Each structure stands twice: as structure tokens, then as C-alpha cells.
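Q: Okay, here's what each chain looks like letter by letter:
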Amino acid sequence: MSSIIPATSLTAQTIAEKVQSGEWTALETLENYLTQIAKSDAEIHAFNTVLEDEARAAARAIDERVALGEDVGPLAGVPVAVKDNLCTKGMRTTASSKILENWNPPYDATVVKRLADAGATLIGKTNMDEFAMGSSTENSAFGPTRNPHDLTCVPGGSSGGSAAAVAAGFSPVAIGSDTGGSIRQPASLCGVVGVKPTYGGVSRYGLLAFASSLDQVGPFANTVRDAAIVHEVIGGYDPKDSTSISEPFPSFLDAIEDGVEGLKIGIISELMGDIDGISSEVIQKTREAATLLSKNGALVEEVSIPASLYCLSAYYLIAPAEASSNLSRYDGVRYGLRVDGETLAEMNINTRTEGFGDEVKRRIMLGTYALSAGYFDAYYGKALKVRRLLAQNFDEVYSKYDALLSPTSPCTAFKLGEKTSDPMTMYVNDVCTIPSNLVGHPAISVPFGSGSDGMPIGVQILAPPMQEALMYRVASTLESAEK
Amino acid sequence: MSLMTEPISEKEVAHVAYLARLRLSDEELQLFTKQLGAVLEHAKDVEALQLDGVEPMSHPLPLENVTREDEVDEMLDRKEVLNQAPAVEDGRFQVPQILGEQP
Amino acid sequence: MTNADLKDGWELIVGLEVHVELGTATKLFCGCVNQFGDEPNTNICPVCLGLPGSLPVVNEKAVISAMQLGRALNCSVNRSVFARKNYFYPDMPKDYQISQYDQPTNTDGYLDLPSGVRIGIERAHIEEDTGKTVHIGSTGRISGSDYSLVDYNRAGVPLIEVVSHPEIRTINQAKEYVEELRGILLALGVSDAKMEEGSIRVDANVSVRTTNEGGLRTRCEIKNVNSLRSLGRAIEYEANRQIDLYENGESPSQETRHWDESAGRTRSGRSKEDAEDYRYFQEPDLVPLNPNSEIIHMIDQGLPTFPSERRTQLAALADIDIAEIALIVERSHDDFASETIRAGATPQMAIKHLTNNLSDGLGKLTPEAFTSLLQMEENAELTSTQAKKVLGELVLKGGNPQEVAAQFGLEAIDTDQLETLIDQLIANHPDEWERFCGGEKKVQGFFVGEIMKSTSGQADGKAINQILNARTSE
Ligand SMILES: [Mg+2]
Ligand SMILES: [Zn+2]
Numbered sequence: 000m001s002s003i004i005p006a007t008s009l010t011a012q013t014i015a016e017k018v019q020s021g022e023w024t025a026l027e028t029l030e031n032y033l034t035q036i037a038k039s040d041a042e043i044h045a046f047n048t049v050l051e052d053e054a055r056a057a058a059r060a061i062d063e064r065v066a067l068g069e070d071v072g073p074l075a076g077v078p079v080a081v082k083d084n085l086c087t088k089g090m091r092t093t094a095s096s097k098i099l100e101n102w103n104p105p106y107d108a109t110v111v112k113r114l115a116d117a118g119a120t121l122i123g124k125t126n127m128d129e130f131a132m133g134s135s136t137e138n139s140a141f142g143p144t145r146n147p148h149d150l151t152c153v154p155g156g157s158s159g160g161s162a163a164a165v166a167a168g169f170s171p172v173a174i175g176s177d178t179g180g181s182i183r184q185p186a187s188l189c190g191v192v193g194v195k196p197t198y199g200g201v202s203r204y205g206l207l208a209f210a211s212s213l214d215q216v217g218p219f220a221n222t223v224r225d226a227a228i229v230h231e232v233i234g235g236y237d238p239k240d241s242t243s244i245s246e247p248f249p250s251f252l253d254a255i256e257d258g259v260e261g262l263k264i265g266i267i268s269e270l271m272g273d274i275d276g277i278s279s280e281v282i283q284k285t286r287e288a289a290t291l292l293s294k295n296g297a298l299v300e301e302v303s304i305p306a307s308l309y310c311l312s313a314y315y316l317i318a319p320a321e322a323s324s325n326l327s328r329y330d331g332v333r334y335g336l337r338v339d340g341e342t343l344a345e346m347n348i349n350t351r352t353e354g355f356g357d358e359v360k361r362r363i364m365l366g367t368y369a370l371s372a373g374y375f376d377a378y379y380g381k382a383l384k385v386r387r388l389l390a391q392n393f394d395e396v397y398s399k400y401d402a403l404l405s406p407t408s409p410c411t412a413f414k415l416g417e418k419t420s421d422p423m424t425m426y427v428n429d430v431c432t433i434p435s436n437l438v439g440h441p442a443i444s445v446p447f448g449s450g451s452d453g454m455p456i457g458v459q460i461l462a463p464p465m466q467e468a469l470m471y472r473v474a475s476t477l478e479s480a481e482k
Numbered sequence: 000m001s002l003m004t005e006p007i008s009e010k011e012v013a014h015v016a017y018l019a020r021l022r023l024s025d026e027e028l029q030l031f032t033k034q035l036g037a038v039l040e041h042a043k044d045v046e047a048l049q050l051d052g053v054e055p056m057s058h059p060l061p062l063e064n065v066t067r068e069d070e071v072d073e074m075l076d077r078k079e080v081l082n083q084a085p086a087v088e089d090g091r092f093q094v095p096q097i098l099g100e101q102p
Numbered sequence: 000m001t002n003a004d005l006k007d008g009w010e011l012i013v014g015l016e017v018h019v020e021l022g023t024a025t026k027l028f029c030g031c032v033n034q035f036g037d038e039p040n041t042n043i044c045p046v047c048l049g050l051p052g053s054l055p056v057v058n059e060k061a062v063i064s065a066m067q068l069g070r071a072l073n074c075s076v077n078r079s080v081f082a083r084k085n086y087f088y089p090d091m092p093k094d095y096q097i098s099q100y101d102q103p104t105n106t107d108g109y110l111d112l113p114s115g116v117r118i119g120i121e122r123a124h125i126e127e128d129t130g131k132t133v134h135i136g137s138t139g140r141i142s143g144s145d146y147s148l149v150d151y152n153r154a155g156v157p158l159i160e161v162v163s164h165p166e167i168r169t170i171n172q173a174k175e176y177v178e179e180l181r182g183i184l185l186a187l188g189v190s191d192a193k194m195e196e197g198s199i200r201v202d203a204n205v206s207v208r209t210t211n212e213g214g215l216r217t218r219c220e221i222k223n224v225n226s227l228r229s230l231g232r233a234i235e236y237e238a239n240r241q242i243d244l245y246e247n248g249e250s251p252s253q254e255t256r257h258w259d260e261s262a263g264r265t266r267s268g269r270s271k272e273d274a275e276d277y278r279y280f281q282e283p284d285l286v287p288l289n290p291n292s293e294i295i296h297m298i299d300q301g302l303p304t305f306p307s308e309r310r311t312q313l314a315a316l317a318d319i320d321i322a323e324i325a326l327i328v329e330r331s332h333d334d335f336a337s338e339t340i341r342a343g344a345t346p347q348m349a350i351k352h353l354t355n356n357l358s359d360g361l362g363k364l365t366p367e368a369f370t371s372l373l374q375m376e377e378n379a380e381l382t383s384t385q386a387k388k389v390l391g392e393l394v395l396k397g398g399n400p401q402e403v404a405a406q407f408g409l410e411a412i413d414t415d416q417l418e419t420l421i422d423q424l425i426a427n428h429p430d431e432w433e434r435f436c437g438g439e440k441k442v443q444g445f446f447v448g449e450i451m452k453s454t455s456g457q458a459d460g461k462a463i464n465q466i467l468n469a470r471t472s473e
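Chains as they are written, first to last, in numbering that gives the first Met the number 0: chain A, 0 to 482; chain B, 0 to 102; chain C, 0 to 473.
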């Protein structure tokens, strides 16, 4: 089993402190990471684009500002890998799709802007499942990403490139997007920390939409604290996103080391048993995590979220429905690929048929069907009602518990090609992560040991909306006990 | 009383593909019909639920009345935008012959 | 009002869908300039160009304007949500239109027409406009073109779509409805309401039925109507086309038809069979609009007085039929009229001049000058012809009517002088006088004309007739 995992990794926190103090330069820090990428990314393929020149220019600018005595920001000189579905002005943004292979957006995503404003250097755009549709990063038009722990395995997805980049030491932190688990599941499979923020907590402006009511941008990191640092940088109200929350969140970092003494934590019983393809090792690890939390003073009990059993079905109606509409704009008229045709409709059809991969086509058709006259009520309408039931379930449980615990992924990283022939087998990978997306609550995956195959296992902590501070506290407790 | 829908047919998949401006080969039509059928079969659990009186939830946030002031903001440079376009003429986006009027 | 051109035994049923472009500074969902006539694709940004990753944010002014229009149309203003209407068309950058569907901002209102008819309003909802497509090729029209070019300057401009119930029964009512809506929009100041520039666009749902038949028959939606005149022509053509079909034992199919102005006919567009399935669903990038009672109250407080109420007010003040003062209200001369009437002018006379002689505007005319001019005419100090001449001068240069009349040397000849002149004339033309007394009315014109000639038009025609009639009975 060949793996590419650095013996030690620096934290973003350390880098920022050393760069700001002048002890290290942003440029030499960056060069170390670029060297690592040059050495190993050909095998892993975490990146669609490595922004060497742009990153060097940014690092030099940061070093100049440090020399002038300026406060560069909380990510001073920290290289960040950004998923290739976030717009970067003048820099190729593809969503790993042939239809956008050569698209250079004329604007930056809010998240990208905030990273730069905080002193980060954008090191590259990471590979992903095309338009974030997938759980293995095998649905990329530019070839799959491999898991740094075992190159024959997938890194998870859809933000597999970002998870692999952090695991392989290509960048200390990375940004992904999570619509049904696309940050947490690859984080779990690659042995890193991954966070899906509260819906509305991080701006979606400049994020290429998959399913607008579910999509959230979030961080990957080696440590819970680093994730919280990046989250604070990218989060907060953005007037360009109508679904952005304007009230301030409690600080993620202030209470991060306060422990779990006195907290009430529920284990979601529905996600601990009868689920297709869930491994006993994963359940075992989640129970160990529960034991550990109670040893640290938390009260841990099994709780029931009955509607979680219907989440997978509801999600695979709602997400494709929104996606079918969101992806209509790729029609060959204004940007991206055009495959000519005699008439407008022919051109539209030729472009989309050639430009989209199979998984994207499947979901567009599924969503179109779910929204079409005659089926709307049976499928999409019903799915929205399940979503309401789920929200009511969570409300009830959170009236008694502070946070919840579950597995992140039902299994450890699987082999490339193992699950590509049957979409339903792949979809089941999202079963534990989907509920948080449907209700818009925050959740984090924290590495917690590994399976008998030597591959990482993550556990998931869920919290009520806007209660990330609490979520980070619990995650940090698990992390320090694990180390 | 819940009338379950019939399994999705090749004809329906072909129609949906047209609505979505996609072309499927015969083999693809067969395969996609089978695969979409499997997902919809899984969704039967949701379809079978009795959910009368449950308010649909389109959005996770209870936000309302988010607006902006009627103030002019930065616009894009036309050259930059048209540079990204597949076909351009006379400062406009060129498209092939349109059959049929706008709906 | 009748449909003179509709075949006997048939009735017309029309419902109108009017798209109104709001005159906001910026577009509905982005800060791009909302302006007509700029260089193509210069007023665009990631949002209105539908670029990947962009998100809409609603223009507050557009929302307030929509609610104002809703209240002006006597609608209930509701909690509303935006929806996506999905279909592929190149003038729509996202290939869906953000509109409102099952929960529109305004519902259940009505519009009172000057003719006294009340037309129900089903809804008035907010949506975004599309870009503009020009068709290149020999025909210049979409059919037969070689290719098309798209300009997105108009994409995302805020629209209100006002949908009436199918309660319009004549072509005149249809025109009145659009005119009245324009009046309201102008009074609100929310749109320039120019039909020729496309800031008001009208689609007509037309059907016919036999007299006294209940229910509605198949309707056709007529698009591409660019003026009030073509609206009338299109409805008339379409109604007769449908009647002809029925009378030949056929029936029209429900479809969209396009008005061809030069050919004077409607042409089939898309039939219902291949109608798009729009797959409406709630727009996930936007949140609901939910005006509280305070906002509604504030909107109501700020509403101007609308044409229908102004007509009622002026008609009551002048004690004149509403139909006779409609034009004055349309020209917004009703305040002016009211002031002169209150200052003592004879209402009929004021209305007559305002309707017939002041269609080009009031210029420098003041209510005081107008009132005293009317009094001079009333007192026969000026003839109506003279009054009109003075009025023209007052509009042009201002001043008071006495001075202007004096300047022009205008003065109605007093009755004594006039009687002397008439008696002289009778004495000089005994034959004509005999014929006049014998009842030959056309000779009257001879006498009036001669007096006018000899007084250079300063005599009052009415007074001449009175004297002539008095002399015959002597
Ligand atoms: Mg409309
Ligand atoms: Zn714009």
C-alpha cells in the first residue's frame, strides 16, 4: 500500500504567527508546499490548477507588508487550496467539468476575497466530482484524485482534491463545499478535519451552485483549531448572498478548549445500526468516541431522529431538482464550451451532451423529472415535507441535548472503481451527512483512528444552527484525546 | 390513500432528456432508465409517507425581507465578458438560428 | 360601447397581461444601471449575466413600487415568494426566469375604467425582464433568420406583470384599461409607461362566445402588440378569426399567437401540445417578502390620488358627466380646472376650453387669468372666438386677459351698437330679410357673416342671432 503522507504537518496557526513575526517568509513557506506538490501531485491529482506564479506574487506582497510592519491578517502567508467550484478572478474555474474547461471568471467568490484579505496565498484549485456531484472524486472530467493514505483508494468526494491536498501536505488548509457531505465525507476518508458550517454562515457568492438550499462552503484542516481559524475568516454576513445570516456568531475560538464537562450529547441511533453498507468498525469507533466524551464529563445518550431514515431519498430528489435548474445556464451561449449545431436547440443539446459527464446528466434528468408536471407533488413536494419533519425532529432533540454524535461515512475509503457502476451504492455514502444539509445545521468530521485496513475513520459532531462554537469545543476534546 | 407512481419509462426519460437539452444514445437511454428507476424505487419510502398537513420546507432558514438599496454598483467590462463567449458579433452574443418564438 | 366589427350573435372576452418595466435606477437583482438605449452588453454584471456562482439580491425600490401598484389596483398585498420558471431561451441568461408563481405579491384587485366598468385584477407579480434578441437575415424576423444576436442590457430589469380577469368585453374597454393603468403608473411615478419603447407590453387573451352563452371557450394569447392601435386591431382580427372557425364547424386550439402589424393578422406560435413544462419551484437563492401592516400603512399614506378618484371629484365639482372630463384628468389638468371652477368660472365653459383648446398644455396660463377670461366671455365682453385667441396668447406669454384683449384691440361690440348695425343691414337687404322672416334659415348665415365682416369678427354670434330673432317677431 503506497501512501504519501508527510511525517509532520505545520498548522496554519503556526505559519501565520511565524510569517507575521518575520521569522519565516511567506514565499519560502509557499515554496516548501510547491515542492511537495511538484513531487507528488502527479500521483494524487489533488489539483486541477496549481497557481504557482500567482501564489508567489501574493506571497511576495505579504512579505513586503510584513517588512513594513503591517498586520497582514490571521492567515498571513498561509497557503490555501480552494475547490475548483469557487470563482477566482481571471483564473480558470472549471468545477471539474469539460463544459467549463477554459472558463476564467471575471470576479472572485466572497470566500476567495476574504482569504486573500486575511493574508492567505491561494496555491491552487482542487479537483472534485464534476459540479460537486459525487462521493469519490471519480466524476471529474480531468481524472480522479487518489487517497494519499492509499493511492488505490478514493479520497471521498466531492471535495476529494481539497481533502487530499491537506492530507498529502500540499497545503496546510483547504476550502471545499458541502451539499450532502462533500466536505465531511472526504475529510473522514482522508483523515483530516472537515466542517460544514450553518447554512447562511458562509457566503455562497461565487460558489458554482449545485443545490442552492443545501450548499455551504467550509474548511479542511489538520487540526480543529485551524478549521475554526479559517472558518472565522471566510464566514460572516455577505450582502451579496440573500441567504446569508446577518447576526454575528459566537466566537469559534474563545471556548474551543473549554472541554465538554456538563454537556449533553446524543448519539443518533438511526445512524448506528441498520444502514446499507455501514461497517461495524465505524460504529465501534463512534461508540469509542462517545465513551471518551463521557469520560471527559459529558452526558452521552442514544437519541432518535426518526426522519433521518428518509433523508437519503429526500436528498436525492431535492438536490437534483435544484441542480437541474442551476445547471441550465451551461447552454453554450455566454461562456464555456460550445459544440455547434444548425439551430439553437441543436447547439444547446450538442454542448450539454458533450460537456456534461454521466453523473451530472443523471442528476439533471432526475431533478427535471422530480419537478415536472404530474410528478412534482409525489416527489419534490413530498421530499420538502420530509425536510420539515426532520427539522422538527432535530428541534425536539436539541431542546434536551447540546450536540449530537454519529459516524461521518458508513465506511473507510473504498477502491477506485468499486462503486461507479451503480449510482445508488455511491449515494448511500452520504447517509450520515445529509441530515445536516437538509436542515442547514453545522457539522464537523474529526479523525478518530483507523480501520483494520489502515484507512482513517472520522466521527461527526452535529450542533444546532449557529452553535459552531459548541461543535468546535466537542471536536477539540475528541481530537486532543485521540492524539 | 396514496397512488404510487409507475416506474419511469424510457419514453419519459427521453422526454426529460429533451427538456434538459441532453441527447441519449439508445444504450444510454436503457442504462439511464434503469439507474433512474433504481433511485426512484428507493424514493418509494418517501412517496409512501402520509404527510398531509405537513408544511413543505424549501429553505433551511426562516429569513424574510432581505433586500438591497436601489444603488448602482460596479458593472463588468464588455470586452472582458465577450472574450469568454464562444461566438460574438457586433458587441453581442451570437447564437445559431432559433426555431420557434420565445415561449 | 359596442363591437361594431364583431359578427352579430357573438361576444368578445378579453383578459390582458400587461408587463410594466419599473423605472428604478438599477435592475431587479443587481446594481446594474436600468437604462434603455445604451450600447449592447454594457450594463451587465455577473448576476444579470447569470454567471456561475452569482446570486440575486432584491431591489428594495422595485418591491415598494410593486406594492404601491398593488395598492393602487386595490389588491391585497401578500407575503410572497419568488419562483423559478425553467425554460431554455438565449435571452434568459440563467435559462430560468425569476418570477412569482403560486404566492405573488399582489392579488385580487380591480381597476375602474372611465366608462364606469370595473375590471377585476387577478394578480400583479414581480419578475425579471429578459435580454433583447435581434434576428439577422433577409427577413429581420425570427423565422427565416440565419442567426441571432443577444444583448443582455435589459436582462434583469424589474417588471410587474398585471393580469386581469377575462372581464374585458370590448376593444374600447381593452384600450381604456391600458390607458387607465398607464395613468396610475404615471401618477405613482414608478414607470415611464411608454408603450412604444416597450416599457409597457401587452398580451391579450382573446376568446369569443355566442350571446348569452355562459362559460368561457378556448382562448388564444396574442403577443407582440406594440401600441394601443395594434391592440385594437389584433383583438378584432383574432376574434373574427375564431368566429370564422366556429362558423365553419371548426374550433381554435389554445395557443400563443403573434400579431403581425404589417400583415394585419395574428400568426400561430406555439401550440399547447408542445407547451413547455416550466417546472416552477421556489427560488432557493431568495427569501420571502413579507410586508407587515406598518409597511402597508406607509405605502397607503404615500399614494397619490388616482385618475378614477380625480375624475369623480372633478365631475362632482363641475356637475358634469365623468366621460366629459376624462381627457382633462388624463392630461392632469384637473387641479387647474377645479381651481378655476372654485374661483367662480362656469364649469361647462372651463371644461370646454380645457378639452378643446388646451390639449398642448397650459403653458404660462394661470388659474386667475383663465378664470377672468372665462368671466369676460361669460359677460360677452369677448366672443368665444376672441376668447380662444386671447387664451392662445396667455398660454404662450402669460399676463392677464384684459390687457391681452386690449393689446389685440379685441372687445365684444356692445348690444346697442350691434342693434344699430343689424337694423342698417336689414334696411339695405329687404329681399333677404323677407326670406329670413319667411323661415328660410340659411339666410341667417348671410346676416351673421355680414355683421362679422363689418365688425372684423368682434361681434358675438350668439348675440347677433338673438337680435335677428327678436326683430322677426316685432
Ligand atoms: Mg410573466
Ligand atoms: Zn447586473
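Because the hints were derived from the structure by calculation, they are not lab data.
Be aware that a few hints might be false.
Which stretches of chain B does chain C cover? Using the computed rule of at least three CB atoms under 8 Å from a CB of chain C, they are [to be verified]:
(1) 4-11
(2) 38-45
(3) 71-83
EDC-like, lysine to aspartate or glutamate: derived pairs with alpha carbons at most 16 Å apart [claimed, not checked]:
(4) B/Lys33 x A/Asp339
(5) B/Lys33 x A/Asp376
(6) C/Lys396 x C/Asp359
The model shown is predicted, which means the values in this text are computed figures rather than measured ones.
The beta carbon of each residue, even a glycine, is placed where N, CA and C say it ideally should be.
Q: Broken hints, numbered, in rising order?
A: Numbers 1, 2, 4, 5 - these are the hints that the structure violates, sorted from lowest upward.
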